[in-house]
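Student: Sequence:
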Amino acid sequence: MKLTDLGPPIPGELHGGKHIPEEENFYTCKVCGQKVDMRDLRQVMWHEQPDHDPLEID
Numbered sequence: 001m002k003l004t005d006l007g008p009p010i011p012g013e014l015h016g017g018k019h020i021p022e023e024e025n026f027y028t029c030k031v032c033g034q035k036v037d038m039r040d041l042r043q044v045m046w047h048e049q050p051d052h053d054p055l056e057i058d
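Residue numbers are given in my numbering: position 54 of the sequence shown equals residue 54, and the series is strictly consecutive.
These are calculated hints, taken from the structure and not from any lab test.
A few of these clues could be false.
[Stated by the list, open to error] Below, simulated BS3-like cross-link-like pairs (lysine-lysine); rule was C-alpha separation at most 30 Å, straight line:
(1) Lys35 - Lys18
(2) Lys30 - Lys2
(3) Lys30 - Lys18
(4) Lys35 - Lys2
[Claimed, not checked] Okay, the calculated beta carbon distance ranges per label pair:
(5) Pro8 - Pro54: 16 to 24 Å
(6) Ile57 - Glu24: 15 to 23 Å
(7) Lys2 - Glu48: 13 to 21 Å
(8) His52 - Pro9: 13 to 21 Å
By construction, the Cβ of each residue, glycine as well, lies at the ideal position given by its N, Cα and C atoms.
Construct the entire structure; sequences and hints are all you get.
Tutor: Structure follows, in structure tokens:
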């Protein structure tokens with residue numbers, strides 16, 4: 001599945017926190033091992049599925 005197949009970006013917003021370094025916006029998915037940008041809800045929701053393949057980032 002391509003990231004663009006999931007629709008337009010759904011950006012998150014910073015609410016009252018401090019700015020964090022760029023690398024802290026990512027985590028590694030425990031299912032497929034892909035890096036996930038936590039600022040994009042599409043990616044987070046895809047990687048919450050119990051059985052999924054890595055997203056093709058286009």
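Student: Would you mind marking each hint as holding or not holding in the structure?
Tutor: Hints and how they fare:
| no. | hint | in the structure |
| --- | --- | --- |
| 1 | Lys35 - Lys18 | 22 Å, holds |
| 2 | Lys30 - Lys2 | 19 Å, holds |
| 3 | Lys30 - Lys18 | 27 Å, holds |
| 4 | Lys35 - Lys2 | 15 Å, holds |
| 5 | Pro8 - Pro54: 16 to 24 Å | 20 Å, holds |
| 6 | Ile57 - Glu24: 15 to 23 Å | 19 Å, holds |
| 7 | Lys2 - Glu48: 13 to 21 Å | 18 Å, holds |
| 8 | His52 - Pro9: 13 to 21 Å | 19 Å, holds |
When the structure is compared with the earlier hints, no violation turns up for any of them.
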